[in-house]
Amino acid sequence: MIRTRITFAKTPAMRYTGHLDLHRAWERTFRRAGLPLAYSEGFNPHPRLNLASALPLGFTGACEVIDAWLEQDLPLPDIQAALQCALPPGLQVTQIETVDLRLPALQTELEASEYSITFLEPCPELADRVQALLSALSLPRQRRERDYDLRPLILDIQILPMGASHPLDGSGQPQLNLRLVAREGATGRPEEVIAALGYDPQLVRVHRNRLLFRVG
Amino acid sequence: MHTPVEIEAFLERTLLKVQKPARYTGGEINQVVKDWDHIATKIALVFPDLYDLGMSNLGLAILYELLNQRPDVLAERAYAPWSDMEAELRHASLPLYSLETKHPLAAFDIIGFTLPYETLYTNALNILDLAGIPLFSAQRNEGHPLVIAGGHAAYNPEPMYPFIDAFVIGEGEEVIDEIVDVQQAWKRCGASRQDLLLSLAQIWGVYVPSLYEAHYHPDGVLSHLEARFPEAQLPVLKRIVGKLPPAPTHFIVPYIDTVHNRAPVEITRGCTRGCRFCHAGIVSRPVRERSVAEIVEAIEQALANTGYEEVGLLSLSSSDYTDIVKLVEAVSQRFVGRHLSISLPSLRIESFSVDLMDALKDSRRSGFTLAPEAATERMREIINKPVSTGQLLDTARAIYSRGWHNLKLYFMIGHPSETIEDVQAISDLCKAVLAEGRKLIGRRAQVTAGVSTFIPKPHTPFQWVPCDTLEQITAKQELLKRSLRGPGLKLNWNSPEDTMLEAWLSRGDRRMAEVVYQAWLGGAKFDAWKDRFRFDLWQQAFTAVGLDPAFYTHRLRPLEELLPWDHISTGVRKKYLADDYLRSQQGVTRDDCRERCYACGILPSFAGLRRLNTGDVWQCPEVKSPQGMADRLHPLAINK
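Respectively, the protein sequence lines represent chains E and S.
The numbers in this note's numbering rise by one with no breaks, and the one at position 211 of the first sequence is 211.
The numbers in this note's numbering rise by one with no breaks, and the one at position 609 of the second sequence is 609.
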């Protein structure tokens, strides 16, 4: 048994595939690749795949991470080559390594996520609103009928200069970079930040640039 | 016309606002995208319901793969948008588009609808409307796509006759090529749309309704169907393939969950059992089988191409597949340990079926399904599904003792000559089965009864009988709801209104088309969806058109009456159906016709094809008659 850690991009072709369906897309990718994915024991065996962090519907990601357990110890280049031929449009593997079988689950190691936001519409007073948000001591919000404070979940917001070269640019509209807390039970959501800024969260494109894991 | 770029820009702003946006994006693995500007014939294959359902339709998957193999053809997909997406499209004044390249449907040469069931009719109209294509065939000109339709509901095409330019009656694998050829030749010579329709009418299996006119007696019964052009065939014989072509294996794998998210492999087509209520059993004759080797190879290929974790071995009656034991052995040996689930639906009621499922290492999660269809031996003889109650209980015992907890039993109410005792017997039988389960596995045993309502379908031995009325159905269902209850018992049933709609549409004549149109104008769509179906709209449509729905559904039709679908030939003789109907009234059953041929008419209709495909490829006897007039492939094949 080996545990492989795969860094991958989720591109626009799969933007509207949710977390569970992404999990299944990975299972089918391994099956098409003919790689011996390990399954859990028991009455209802599940493939041993572990995604670091759910990417909400509509988001794309540059550096998503998944752990996959294989029954056989195969050379990494072979695994990578087999996956490469089997990936669906919408997934690209950027890196693959083997990690210690005993490492904790990826989700428990996640600290923060970095997003870039591209607006599809003009967004007046952006700089002022960002400043106001960052200056606030608390940002009480409600999500799914639960009150919470968004402010401590925001680590940083930066406005990118217009026309900055971004993979999703093309609208000529401004872009933001967000760094948000992404710990279990304390996850900042980019669409909440957009809403808190007073813009329509449906009229932005969200791209997750990076997942930041606990070091050591 | 709108461009793909405009449609993409619209999607960019819209998709986050609608439910399950992946229904509208395409881009899945195994989709085929060709160079639009360099392809002669562009075909949109349309399933007139949601993507989530349509993606599991095997018929369209077959055509998609076959058509895209032709270098001069591209086939793309479209489905009915859900109401939220429809509202967005209409608000933006944008047309329905294809998933692959986002071209408006009106930009295609051919729109091919599949109509596997009747409750899709209003959705088909809605899709034409969303595409900006005139709803009525007569209003389309040379610049509009050719609108064709096929599928099992097309065996009575009349309720949709003014909306569809040409129906394909029967199997699509070969005829679709001929339709494309005719369309290409027509386009090259720049002739009129009427010329195209006349050419299409000469293809075996194609029915062009505008070439005929229906005449009625004063009492509303069909008097005759007049062929207005020499090209118009009477009757129109269904198209079949002599041998099943290689099974499709490049299924598009959806990015979201769909109803049957699996690789389907058709092991046989047709059925020899002769259940008298069964539409599919008649229209898909003769039985043709794929070999074990072919099936195993198709599974292997499909899995390699898709990565699916589930395989469905499809047929109307799996147990009747000639080499079923060899097939199950081969499949279980080849695919063991691959964490696959393999489903083998439509098994006979005998304990041997439990052995088959056991060999496939079924996970037992989904329960075991049997379809006795009726609960008394008398009733099962009338419908020609003779199984003794003892045999059913034996099978139930085998199922519970081999690890399944839930036994699903399918029944129908409303069979001809059914009494209230026959309905009560459904409840009694379910309880008897549960009692057997209790003895073996205690309180874990469950019985789920699925009780639907019989509809006398065209082309079956029961096509003359009336349907139960709403009141009768309701009374029978109330009885079941009262008596079929208690721990371990579950009852599912169809709403009586759904049954009525399906009955009207499946038994309708040309005048029903006006009802379909009026219902759609009134807002009817997604009639197959419980929460969308509006019975009142259909009642209003009947009133507006001045037709009495009871004329179609609650009238015992005399055997000599000309039926609205009599000009469509399934190859089975009407006389055979009538004989079988009379036998049912005497409680006389017919055996599996593999044992003995009852001369249903299939062999003389397709003698030439049978002669070309000898041996076990067909489960009909060999043709013994000397080669003669009946031996051509088809009356029209001579002209080609």
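Rather than coming from a laboratory, the hints here were simulated on the basis of the structure.
This one's a predicted model, so the numbers in the text were calculated from it and none came from an experiment.
Ideal Cβ positions, reconstructed from N, Cα and C, are used throughout, including at glycine.
You may find that some hints are simply not true.
[Unchecked claim] If you only want the chain E side, here are some residues facing chain S, beta carbon under 8 Å, derived:
#1 ALA9
#2 ALA13
#3 MET14
#4 ALA25
#5 THR29
#6 ARG31
#7 TYR39
#8 PRO89
#9 GLY90
#10 LEU120
#11 PHE213
[To be verified] Restricting the straight-line Cα-Cα distance to at most 20 Å, the calculated cross-link-like pairs of lysine to aspartate or glutamate (DMTMM-like) are:
#12 LYS17/S <-> ASP72/S
#13 LYS17/S <-> GLU41/E
#14 LYS326/S <-> GLU377/S
#15 LYS187/S <-> GLU266/S
#16 LYS20/S <-> GLU121/E
#17 LYS187/S <-> ASP219/S
#18 LYS17/S <-> ASP200/E
#19 LYS481/S <-> ASP428/S
#20 LYS187/S <-> GLU213/S
#21 LYS42/S <-> GLU213/S
#22 LYS20/S <-> GLU191/E
#23 LYS431/S <-> GLU471/S
#24 LYS17/S <-> GLU192/E
#25 LYS17/S <-> GLU191/E
#26 LYS326/S <-> GLU381/S
#27 LYS361/S <-> GLU381/S
#28 LYS243/S <-> GLU142/S
#29 LYS530/S <-> ASP579/S
#30 LYS102/S <-> GLU12/S
#31 LYS361/S <-> GLU41/E
#32 LYS243/S <-> GLU329/S
Each hint tested on the structure:
1. Violation of the interface hint for ALA9/E is found here, the shortest Cβ-Cβ separation to chain S being roughly 15 Å, above the 8 Å cut-off.
2. Hint on ALA13/E holds. Least Cβ distance to chain S is approximately 4 Å, under the 8 Å limit.
3. Because the closest C-beta pair between MET14/E and chain S is about 6 Å apart, less than 8 Å, the hint holds.
4. For ALA25/E, the interface hint holds, the least distance from its beta-carbon to any beta-carbon of chain S being 6 Å, beneath 8 Å.
5. Of the supplied interface hints, the one on THR29/E holds, with its beta-carbon coming within about 6 Å of a beta-carbon of chain S, less than 8 Å.
6. Satisfaction of the interface hint for ARG31/E is found here, the shortest Cβ-Cβ separation to chain S being roughly 4 Å, below the 8 Å cut-off.
7. With 8 Å as the threshold, the beta carbon of TYR39/E comes within range of chain S, its nearest partner Cβ sitting at about 5 Å, so the hint holds.
8. Among the interface hints, the one on PRO89/E holds; its C-beta lies about 5 Å from the nearest C-beta in chain S, closer than the 8 Å criterion.
9. This hint holds: GLY90/E has a C-beta 7 Å from the nearest C-beta of chain S, less than the 8 Å allowed.
10. Here the hint on LEU120/E is kept, as its CB sits about 6 Å from the closest CB of chain S, short of 8 Å.
11. For PHE213/E, the interface hint is violated, since its Cβ never comes within 8 Å of a Cβ in chain S; the closest pair sits about 27 Å apart.
12. Between LYS17/S and ASP72/S the CA atoms are separated by roughly 38 Å; this puts the pair beyond 20 Å, and the hint is violated.
13. Simply put, LYS17/S and GLU41/E have alpha-carbon atoms about 40 Å apart, too far for the 20 Å limit, and the pair is violated.
14. Among the hinted pairs, LYS326/S with GLU377/S is inconsistent with the structure: their alpha-carbon atoms are about 32 Å apart, more than 20 Å.
15. Restraint check for LYS187/S and GLU266/S: not satisfied, since their Cα atoms lie roughly 35 Å apart, outside the 20 Å limit.
16. As the CA atoms of LYS20/S and GLU121/E are separated by approximately 23 Å, the hinted pair breaks the 20 Å bound.
17. With a CA separation close to 44 Å, the supplied pair LYS187/S and ASP219/S exceeds the 20 Å bound.
18. For the suggested pair LYS17/S and ASP200/E, the alpha carbons sit about 11 Å apart, so the restraint of at most 20 Å is met.
19. For the hint pairing LYS481/S with ASP428/S, the CA-to-CA distance comes to about 13 Å; that is within 20 Å, so the pair holds.
20. Taking the CA atoms of LYS187/S and GLU213/S, the gap is about 27 Å. The hint is violated against a cut of 20 Å.
21. As the CA atoms of LYS42/S and GLU213/S are separated by approximately 31 Å, the hinted pair breaks the 20 Å bound.
22. Among the hinted pairs, LYS20/S with GLU191/E is consistent with the structure: their alpha-carbon atoms are about 18 Å apart, no more than 20 Å.
23. For the hint linking LYS431/S to GLU471/S, the alpha-carbon distance of about 26 Å lies beyond 20 Å, and the restraint is violated.
24. Proposed proximity of LYS17/S and GLU192/E is supported: the alpha carbons are some 16 Å apart, at most 20 Å.
25. Taken as a hint, the LYS17/S and GLU191/E pair is honoured in the structure, with Cα atoms around 13 Å apart against an allowance of 20 Å.
26. Proposed proximity of LYS326/S and GLU381/S is contradicted: the alpha carbons are some 31 Å apart, above 20 Å.
27. Between LYS361/S and GLU381/S the CA atoms are separated by roughly 33 Å; this puts the pair beyond 20 Å, and the hint is violated.
28. About 36 Å separates the Cα atoms of LYS243/S and GLU142/S, which puts this hinted pair outside 20 Å; it is violated.
29. For the proposed pair LYS530/S and ASP579/S, the alpha carbon gap of about 38 Å is over 20 Å, so the pair is violated.
30. Of the supplied pair hints, the one linking LYS102/S and GLU12/S holds, its CA atoms being roughly 13 Å apart against a limit of 20 Å.
31. Simply put, LYS361/S and GLU41/E have alpha-carbon atoms about 16 Å apart, close enough for the 20 Å limit, and the pair holds.
32. Restraint check for LYS243/S and GLU329/S: not satisfied, since their Cα atoms lie roughly 24 Å apart, outside the 20 Å limit.
When each numbered hint is compared with the structure, violations occur for hints 1, 11, 12, 13, 14, 15, 16, 17, 20, 21, 23, 26, 27, 28, 29, 32.
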